[in-house]
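J.: Protein sequences, first through last, are from chains L and D. So in my numbering the end of the first sequence lands on 308, straight run, no missing numbers. So in my numbering the end of the second sequence lands on 1277, straight run, no missing numbers.
Where hints are given, some of them may not hold.
Unchecked claim - Cβ pair distances, simulated, as ranges:
hint: 1; chain 1: D; residue 1: 1251; chain 2: L; residue 2: 280; range: 27 to 37 Å
hint: 2; chain 1: L; residue 1: 303; chain 2: D; residue 2: 1193; range: 33 to 43 Å
hint: 3; chain 1: L; residue 1: 275; chain 2: D; residue 2: 1211; range: 45 to 55 Å
hint: 4; chain 1: L; residue 1: 77; chain 2: D; residue 2: 1110; range: 45 to 55 Å
hint: 5; chain 1: D; residue 1: 1230; chain 2: L; residue 2: 275; range: 48 to 58 Å
hint: 6; chain 1: L; residue 1: 17; chain 2: D; residue 2: 1230; range: 49 to 59 Å
hint: 7; chain 1: D; residue 1: 1170; chain 2: L; residue 2: 259; range: 51 to 61 Å
hint: 8; chain 1: L; residue 1: 81; chain 2: D; residue 2: 1111; range: 15 to 25 Å
hint: 9; chain 1: L; residue 1: 162; chain 2: D; residue 2: 1196; range: 32 to 42 Å
In case anyone wonders, no lab produced these hints; they're calculated from the structure. Please read these numbers as outputs of a predicted model, since none were measured by experiment. Ideal Cβ positions, reconstructed from N, Cα and C, are used throughout, including at glycine.
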Amino acid sequence: MRSAFFDTLVRLAEDDERITLVVGDLGFGVIEPFARRFPDRFLNAGVAEQNLTGIAAGMALSGKIVFTYSIANFPTLRCLEQIRNDVCYHEANVKIVAVGGGFAYGPLGMTHHATEDLAIMRALPGMIVVAPGDPVEVEGATRAIAAHAGPCYLRLGRAGEPTVHPPDLVFKLGRAIRVREGHDVTLVVTGGLLATAVAASDRLRPTGISVRVLSMHTTKPVDDAEIVAAAQETRGIVTLEEHSVIGGLGSAVAEILAESPEGKVPFKRLGLPSAFATEIGSQDYLRRAYRLSEEAVADSIEQLLRAT
Amino acid sequence: MERTLTLNEQCRDLSARIRRHVVMMTHRAQSAHVGTSLSTVELLAVLYACVLRVDPKRPAWHERDRLILSKGHGCAALYAVLAEVGFMPVSWLERFYLDGSRLAGHVTHTGVPGVEASTGALGHGLSLACGMALAARRNRQNHRVFVVLSDGECDEGATWEAALFAPHHQLDNLVAIIDYNKMQSLGSVAEVLDLEPLVAKWEAFRWAVREVDGHDVSALIQTLTNLPFVPGRPSCVVAHTVKGKGISFMEQQLLWHYRSPDAGELDRALRELDRPG
């Protein structure tokens, strides 16, 4: 996902001289093409995320489209008040980009587990929140947030995520993508677990369970029409995210269902408990530990159907 | 010489009007922070009378100098000077802090012409100003960015992140003015978290620093019309000020960080301000 983001950003910057990249002394091996090509539109602000975000807001208020970039929680939580006051309140054209969503930096430990970011960014007025599911969605999301005038949060995985979509994908902020059709259960997924969701759907199909997969890359604004359609057209809804079950995709979907007359449907949130990880491990290891693997997701869907 | 005298008189006259507004605004609103507003009066008067290149008829003019009042709780003085120089009607000041008003108790830009950035959480303004100054340079624009900091917000780590940044990037279009009234929320700066040696700190961060009496309009004009102090370096003005300046019973009294003048105190304050000299 990282390289899809930077490749797209470089292409966008060729056509729009307002695009500026500000990093917090991170991004070794990926930022160099942008930095070399556009030295006067690149800035390494040092290990100082609060100042970095304030600077980004100041530059945006002076006409720039500013992408801030760092890893895990550094570009979001460390500078949350700068994002709220300086970026959001001023409707500054700043795009906050975090690499390493969820457990992408699993072995590095708790500090590097970005597992509450969607909830916190969703709560901010005026913020668009996007977690693309594969490199094709990353390209679409990067183009879409650059074109959107106002604050956005882009949560990336890291590297090596499988490609799910065809290259000619139509990507719109706030518009979910049906990756698999199905009529028994709808599996709504955001971010890097997209391929897992598709695999779980494909795994269940031969057993006679038809699972619709919705890529809900944008959790704010969430695609309420697709959620209501899922409630009407399928017999249950499961949400899947590499994030706390509090405040992220599962909460966003639950909020829509709870307020909708059509929302009385069996519902299950798959994600992380509101607890810090008690062990470290690779992303795959931690996904399995938290029952977010293809097998575990398929199992949860079967359980939901058995209970209905 | 004659021109300087005229400017001095203009600035003193504007200061007197701002001070009067501040006392009346905080009385009407029963709001806090009268003391912190009074310490910046001459600074803001000099900036708006003869330093900032701004046009009240075109608040969004691209080439304008930017001013951020980072100590957002001192907003009454900023709103007053903006009204006095024509960014908004003076009558708006009567609604300060009251139900439904656009003039909030911390500096707020929404619906208020001339306010460059909203502040109120301390330690944000210098970073915003660095971003504006860097963008100006990269855009090859000649405007300058001024930011007024409180001494209390020099406790904030973010202030020092920005203090490192500006000299590294040689932002000589950036001017930080510290309203050094030496009082903060719960006591004197020396008692709460001592900033001394403050001038040496900013010098060590490679700013070009000048000290000035923040109530001496002549000295302020002299200082603020000779910018940058050193080409290639951001300028820092440490303005020695008095919290509650101009009202004898408010000066350097911690209580007036919080208290607003009642009818009797307003009367006393206005009589002091009316006294010639």
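J.: Please go over all the hints and tell whether each is borne out by the structure.
T.: Each hint, compared with the structure:
1. Between residue 1251 of chain D and residue 280 of chain L the Cβ separation comes to about 58 Å, which falls outside the hinted range of 27 to 37 Å.
2. About 56 Å separates the C-beta atoms of residue 303 of chain L and residue 1193 of chain D, a value inconsistent with the hinted range of 33 to 43 Å.
3. For residue 275 of chain L and residue 1211 of chain D, the Cβ-Cβ distance of about 53 Å falls inside the hinted range of 45 to 55 Å, so the restraint holds.
4. Between residue 77 of chain L and residue 1110 of chain D the beta carbon distance is about 26 Å. The supplied range of 45 to 55 Å is therefore violated.
5. Between residue 1230 of chain D and residue 275 of chain L, the C-beta spacing of about 54 Å keeps the proposed range 48 to 58 Å intact.
6. With their beta carbons about 31 Å apart, residue 17 of chain L and residue 1230 of chain D fall outside the hinted range of 49 to 59 Å.
7. Look at residue 1170 of chain D against residue 259 of chain L: about 54 Å separates their beta carbons, and that is inside 51 to 61 Å.
8. Residue 81 of chain L and residue 1111 of chain D have their C-beta atoms about 22 Å apart, which keeps the hinted 15 to 25 Å range intact.
9. One distance hint, 32 to 42 Å for the beta-carbon pair residue 162 of chain L and residue 1196 of chain D, is violated here, with the actual separation near 59 Å.
Of the hints listed earlier, those the structure fails to meet are numbers 1, 2, 4, 6, 9, in rising order.
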